[in-house]
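Residue numbers (my numbering), protein chains in the order written: chain A, 1 to 295; chain B, 1 to 438; chain C, 1 to 283.
What the hints contain is simulated information worked out from the structure, not anything from laboratory work. Misleading hints may appear alongside valid ones.
Claimed, not checked - Calculated cross-link-like contacts (lysine-lysine; reagent style DSS-like; alpha-carbon spacing at most 27 Å):
1. C:K136 with A:K187
2. A:K5 with C:K136
3. B:K243 with B:K179
4. A:K144 with A:K287
5. B:K317 with C:K136
6. B:K54 with A:K74
7. C:K272 with B:K100
8. A:K74 with B:K420
9. A:K144 with B:K179
10. B:K181 with A:K144
11. C:K136 with B:K437
12. A:K144 with B:K108
13. B:K411 with B:K255
14. A:K144 with B:K243
15. A:K144 with B:K283
16. B:K356 with B:K168
17. A:K187 with C:K191
18. B:K380 with B:K213
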Amino acid sequence: MAAEKRVVFRSPWLPLALLAPQAAVIGVFFFWPAAQTVMQSFQQQDAFGTSTSWVGVENFVHLFQDRSYIESFKTTAIFSVSVAVFGIAISLLLAYFADRAIRGALVYKTLLIWPYAVAPAVAGVLWLFMFAPSIGVVAYALRKSGIDWNHLLNGDQAMLLIIMAAIWKQISYNFLFFLAGLSSIPKSLIEAAAIDGAKPWRRFWTIVFPLLSPTTFFLLVINIVYAFFDTFGIVDAATEGGPGKDTAILVYKVYYDGFKALDLGGSAAQSVIIMSIVVVLTVLQFKFVEKKVNY
Amino acid sequence: MQSKSLIASLSLAAIASFTTPAHAQVEIQWWHAMSGPLGEWVNDLVKGYNDSQKDYKVVATYKGTYPETLTAGIAAFRAGNQPDILQVFEVGTATMMASKGAIVPVGKVMKDSGLKFDPSGYVSAVAGYYTAPNGQMLSMPFNSSTTIFYYNKDAFKAAGLDPEKAPKTWAEVALAAAKLKASGHACPFTTSWISWTQLESFSAWHNVEFATKGNGMGGNDARLTFNGPLQVRHIQDLENMAKQGLFVYKGRENKADTTFPSGECAMLTGSAGLLGNIKKNAKFNYGVAPLPYYEDVAGAPQNTVIGGASLWVMSGKPADHYKGVASFFNYLSSPEVQSESHKRTGYLPITTAAFKLTEQSGFYKQNPGADVAVNQMIRKTTDKSRGIRLGNFLQIRTIIDEELEQVWAGKATAKQALDKAVARGNEQLEKFQAANKS
Amino acid sequence: MVERRPLLTFLTHTVLLIGVAIVAFPVYLTFVASTHTAQDIVQAPMPIVPGDQFVHNYVAALTGSEKGAGSGAPVGRMMWVSLVSALVIAIGKIAISLLSAFAIVYFRFPFRMFFFWAIFITLMLPVEVRIFPTYKVISDLHMLNTYAGLTIPLIASATATFLFRQFFLTVPDELAEAARVDGAGPMRFFKDVLVPLSATSIAALFVIQFIYGWNQYLWPLLVTTEESMYPVVIGIKRMIAGGDAQNAWNLVMATAILAMLPPALVVVLMQKWFVKGLVDTEK
Numbered sequence: 001m002a003a004e005k006r007v008v009f010r011s012p013w014l015p016l017a018l019l020a021p022q023a024a025v026i027g028v029f030f031f032w033p034a035a036q037t038v039m040q041s042f043q044q045q046d047a048f049g050t051s052t053s054w055v056g057v058e059n060f061v062h063l064f065q066d067r068s069y070i071e072s073f074k075t076t077a078i079f080s081v082s083v084a085v086f087g088i089a090i091s092l093l094l095a096y097f098a099d100r101a102i103r104g105a106l107v108y109k110t111l112l113i114w115p116y117a118v119a120p121a122v123a124g125v126l127w128l129f130m131f132a133p134s135i136g137v138v139a140y141a142l143r144k145s146g147i148d149w150n151h152l153l154n155g156d157q158a159m160l161l162i163i164m165a166a167i168w169k170q171i172s173y174n175f176l177f178f179l180a181g182l183s184s185i186p187k188s189l190i191e192a193a194a195i196d197g198a199k200p201w202r203r204f205w206t207i208v209f210p211l212l213s214p215t216t217f218f219l220l221v222i223n224i225v226y227a228f229f230d231t232f233g234i235v236d237a238a239t240e241g242g243p244g245k246d247t248a249i250l251v252y253k254v255y256y257d258g259f260k261a262l263d264l265g266g267s268a269a270q271s272v273i274i275m276s277i278v279v280v281l282t283v284l285q286f287k288f289v290e291k292k293v294n295y
Numbered sequence: 001m002q003s004k005s006l007i008a009s010l011s012l013a014a015i016a017s018f019t020t021p022a023h024a025q026v027e028i029q030w031w032h033a034m035s036g037p038l039g040e041w042v043n044d045l046v047k048g049y050n051d052s053q054k055d056y057k058v059v060a061t062y063k064g065t066y067p068e069t070l071t072a073g074i075a076a077f078r079a080g081n082q083p084d085i086l087q088v089f090e091v092g093t094a095t096m097m098a099s100k101g102a103i104v105p106v107g108k109v110m111k112d113s114g115l116k117f118d119p120s121g122y123v124s125a126v127a128g129y130y131t132a133p134n135g136q137m138l139s140m141p142f143n144s145s146t147t148i149f150y151y152n153k154d155a156f157k158a159a160g161l162d163p164e165k166a167p168k169t170w171a172e173v174a175l176a177a178a179k180l181k182a183s184g185h186a187c188p189f190t191t192s193w194i195s196w197t198q199l200e201s202f203s204a205w206h207n208v209e210f211a212t213k214g215n216g217m218g219g220n221d222a223r224l225t226f227n228g229p230l231q232v233r234h235i236q237d238l239e240n241m242a243k244q245g246l247f248v249y250k251g252r253e254n255k256a257d258t259t260f261p262s263g264e265c266a267m268l269t270g271s272a273g274l275l276g277n278i279k280k281n282a283k284f285n286y287g288v289a290p291l292p293y294y295e296d297v298a299g300a301p302q303n304t305v306i307g308g309a310s311l312w313v314m315s316g317k318p319a320d321h322y323k324g325v326a327s328f329f330n331y332l333s334s335p336e337v338q339s340e341s342h343k344r345t346g347y348l349p350i351t352t353a354a355f356k357l358t359e360q361s362g363f364y365k366q367n368p369g370a371d372v373a374v375n376q377m378i379r380k381t382t383d384k385s386r387g388i389r390l391g392n393f394l395q396i397r398t399i400i401d402e403e404l405e406q407v408w409a410g411k412a413t414a415k416q417a418l419d420k421a422v423a424r425g426n427e428q429l430e431k432f433q434a435a436n437k438s
Numbered sequence: 001m002v003e004r005r006p007l008l009t010f011l012t013h014t015v016l017l018i019g020v021a022i023v024a025f026p027v028y029l030t031f032v033a034s035t036h037t038a039q040d041i042v043q044a045p046m047p048i049v050p051g052d053q054f055v056h057n058y059v060a061a062l063t064g065s066e067k068g069a070g071s072g073a074p075v076g077r078m079m080w081v082s083l084v085s086a087l088v089i090a091i092g093k094i095a096i097s098l099l100s101a102f103a104i105v106y107f108r109f110p111f112r113m114f115f116f117w118a119i120f121i122t123l124m125l126p127v128e129v130r131i132f133p134t135y136k137v138i139s140d141l142h143m144l145n146t147y148a149g150l151t152i153p154l155i156a157s158a159t160a161t162f163l164f165r166q167f168f169l170t171v172p173d174e175l176a177e178a179a180r181v182d183g184a185g186p187m188r189f190f191k192d193v194l195v196p197l198s199a200t201s202i203a204a205l206f207v208i209q210f211i212y213g214w215n216q217y218l219w220p221l222l223v224t225t226e227e228s229m230y231p232v233v234i235g236i237k238r239m240i241a242g243g244d245a246q247n248a249w250n251l252v253m254a255t256a257i258l259a260m261l262p263p264a265l266v267v268v269l270m271q272k273w274f275v276k277g278l279v280d281t282e283k
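One chain only, chain A, in its complex shape (with noise of 0.2 Å):
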């Protein structure tokens, strides 16, 4: 790991009782049912758990024979990266600019974090109202512009609209954080810098953004596990997967099969998939993308 500490503390047992809150939370109500769900992903039961069988991988094989299974891998990847790339460069900005002292910052700020606090399904029914070929109040608009917005048949709509949607809740999260990070910048080596004549976007490239580093880190692999995790909701509210399976994410999938649909194998077998990808995606980030973060 790049990133360690020169200095540090040395005891046989205080790390462990430190960690043994986490740990217990996490071994009691993730580890132990996670196995469970693991295991299931090798078995074929119907909803009740009356019946259960062991089928070994044909959950897993049974996935990669379905074409729109292995589709939804592309849409994914192409919902993923909009999704982090966007809600990181919109929010780092909106944060740059909150963080200049002016005038009604407190009121900008408030303003940007607040509708994080939208309650997810309530921002469903919102995007309805927005977005509804019907009664939208933005797709009526977008009619009256001319664009023919109608995303229940048109699939590339379909996935503007979600990744609108799933930008826009991370935005104010994103927000958040940045202005965090930027708080913690010491004025004095902007003023420094300033006084030296570096005019503000240099200023920005030679010292906040390396300076923000781990903080942009920090929200780059959230995103992508965010985008890879936490969106079916949106999906589920905005386009169900469609049209056809225009924007059924592989989360989606998960979702539907096993809340819905009750097929435990399965969903069990794709989310064991789901996490492999993400579990890599982020050993990369860990390994690559981690050695340009200044701490």
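Assemble chains B and C onto chain A, guided by the hints.
Then chains B and C, alone, in the frame of chain A:
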């Protein structure tokens, strides 16, 4: 698990006998998915029952949407603390039935309780959906609606159509749509719940099979047949209408519902339960009519298929709980309670006695259109029209949504889409059969 | 501010205004919808300026007087459950993550990275997928219908641990060195140096985790069978009649706005703490 709860209830009973009067109230847990005004309806029903007797207390708990409620019930069952009664949507019927030992058939519960129970008093098209081929009622129909046809009378008038003459056949629907379009209407016809209205109910309405073995009633080895000539013909007609802008797709499930009361779409095939919504929100004159049909098909119109949910009784509860459940179901099925519920919510009455009572009260005269749904159901069902019992039905409906969307988007023909849907759907049925081997 | 650049200031305001307009638009729509009648909302398109039903709708939402709420539990009780859950979750998460991150960054011990990755993996399996076994655990531990059942399973947070790890790595080694030289033990260093330094991270996390706990829907729905333990989002969702019955959208939106007020308060308060933390560290 059985012995644990037995010991627990015995100990509780022992303690109770020391501290409370001899007749302790038995609590019956009912988990349901009724939100909004329907939630209030449930609470009122429960209150009415609890007030009417002292032995049992029904406690109704809202557990989310239909899938969430079913998941909650399953999770509870797996952990050993399931409720007494669980409300499950109609597409979950096969799942409930196939679960070995998770449920107790309602017929058995009623018979064992000793209360008077006459299965023949139930409307066959309503209760039949939830009845086994041998006649045993598996679950109690609770909120059942069916597919009917709504049309905007004011829009008809503006298009030069007779507002009092509802289109009866699909040919008439197409003609009306053409005239509406010519008069400038952007959305002449649309539909909600496309699988339910245009394939499932459509098939039963024409006494044609949706799947083999009596639409799955006869066993888990049933396979889909909704790509037969009649259904292909119908979807082709809709395809042509879509190409001409006469049929406009407005989304899956019931997303299209709002387009009718808002005036956007002039004709809608949807659930009878929408009537209350339309009454409240529509700012125009509207008409209610039976589902259109093809008059050149022998046997049409037969009856439509219900949608909605039913009440299932979970197994593993103490004997006195089942007596309470039977007493509650008895209350729910009484003509007075049924009639009131029907008038209040628009859901179908489940007994013929309730229907007659409502008729006598003059309700249908005062509320034109309220009897359309009932009239579609009060007739003898055939093996092909009694209802649908298919495993993984939720997935099958989603598959139908997906494949038909290709048709509306112009990417597939009706026949291609239906064939593909049948193939994919049969895979689901095979999976279900394999997972639920006896 | 470093220097006066009027053009940049103008640009700043413009960008922020556009940002706010886009990001806060859905919230604005919610507010607008909460001031109209239900009928007006479903007429296409929905109005985008506030209506005149503000008082009527909010009174009805708070007192549950108008038909269509469909709920048994009063709004006040649900807000209380949400508040307790949100506070316990936020404080719990921050507390145990501070400890875990400290252990991982400032110590060397076998399985150190294993623990870090184990904590990280918890982000990668949504609760919906492992619902049956997780529910069984809660049920077996008799935690159904308790605040413990509502909060403890949600307290493990990889996000917080990861964030603190990032922050701790930026803390200059000299500080730890100085503490060692002074003879202060690790916990002293933690309490007197690290935690105060982490103020802004803690504040940010508190906002996020509070809102996360506040907006819980699925987990409380499953682990409670008594409606008196329902948090506020379940109350909102159950006002939305799935299926055919008419929705009182105006009341739904009014309740949603009310539900968003405590988080808004938290956001405003935490920002004050940002500034305070900044001033403290700006030595």
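These are the hints, each one checked on the structure:
Between K136 (chain C) and K187 (chain A) the CA atoms are separated by roughly 52 Å; this puts the pair beyond 27 Å, and the hint is violated. Proposed proximity of K5 (chain A) and K136 (chain C) is contradicted: the alpha carbons are some 41 Å apart, above 27 Å. Pair hint K243 (chain B) plus K179 (chain B) holds up; C-alpha atoms about 16 Å apart against a cutoff of 27 Å. Among the hinted pairs, K144 (chain A) with K287 (chain A) is inconsistent with the structure: their alpha-carbon atoms are about 50 Å apart, more than 27 Å.
Restraint check for K317 (chain B) and K136 (chain C): the C-alpha separation of about 18 Å stays at or below 27 Å, so the hint holds. Straight-line distance between C-alpha atoms of K54 (chain B) and K74 (chain A) comes to about 61 Å, which puts the hinted pair past the 27 Å bound. This hinted pair does not check out: K272 (chain C) and K100 (chain B) have alpha carbons roughly 59 Å apart, beyond 27 Å. Restraint check for K74 (chain A) and K420 (chain B): satisfied, since their Cα atoms lie roughly 22 Å apart, inside the 27 Å limit.
Distance restraint check for K144 (chain A) and K179 (chain B): the Cα-Cα separation of roughly 25 Å lies within the 27 Å cut-off, and the hinted pair is therefore satisfied. Simply put, K181 (chain B) and K144 (chain A) have alpha-carbon atoms about 20 Å apart, close enough for the 27 Å limit, and the pair holds. Restraint check for K136 (chain C) and K437 (chain B): the C-alpha separation of about 25 Å stays at or below 27 Å, so the hint holds. Among the hinted pairs, K144 (chain A) with K108 (chain B) is inconsistent with the structure: their alpha-carbon atoms are about 61 Å apart, more than 27 Å.
A threshold of 27 Å between alpha carbons decides the hint, and for K411 (chain B) with K255 (chain B) the separation of about 22 Å falls inside it, so the pair holds. Proposed proximity of K144 (chain A) and K243 (chain B) is supported: the alpha carbons are some 23 Å apart, at most 27 Å. For the hint linking K144 (chain A) to K283 (chain B), the alpha-carbon distance of about 24 Å falls within 27 Å, and the restraint holds. A distance of roughly 26 Å separates the Cα atoms of K356 (chain B) and K168 (chain B); the hinted pair therefore holds under the 27 Å criterion.
Of the pairs offered as hints, the one joining K187 (chain A) and K191 (chain C) holds, with about 26 Å between alpha carbons and a cut-off of 27 Å not exceeded. Simply put, K380 (chain B) and K213 (chain B) have alpha-carbon atoms about 19 Å apart, close enough for the 27 Å limit, and the pair holds.
Going down the numbered hints, you'll see the structure goes against 1, 2, 4, 6, 7 and 12, while the others check out.
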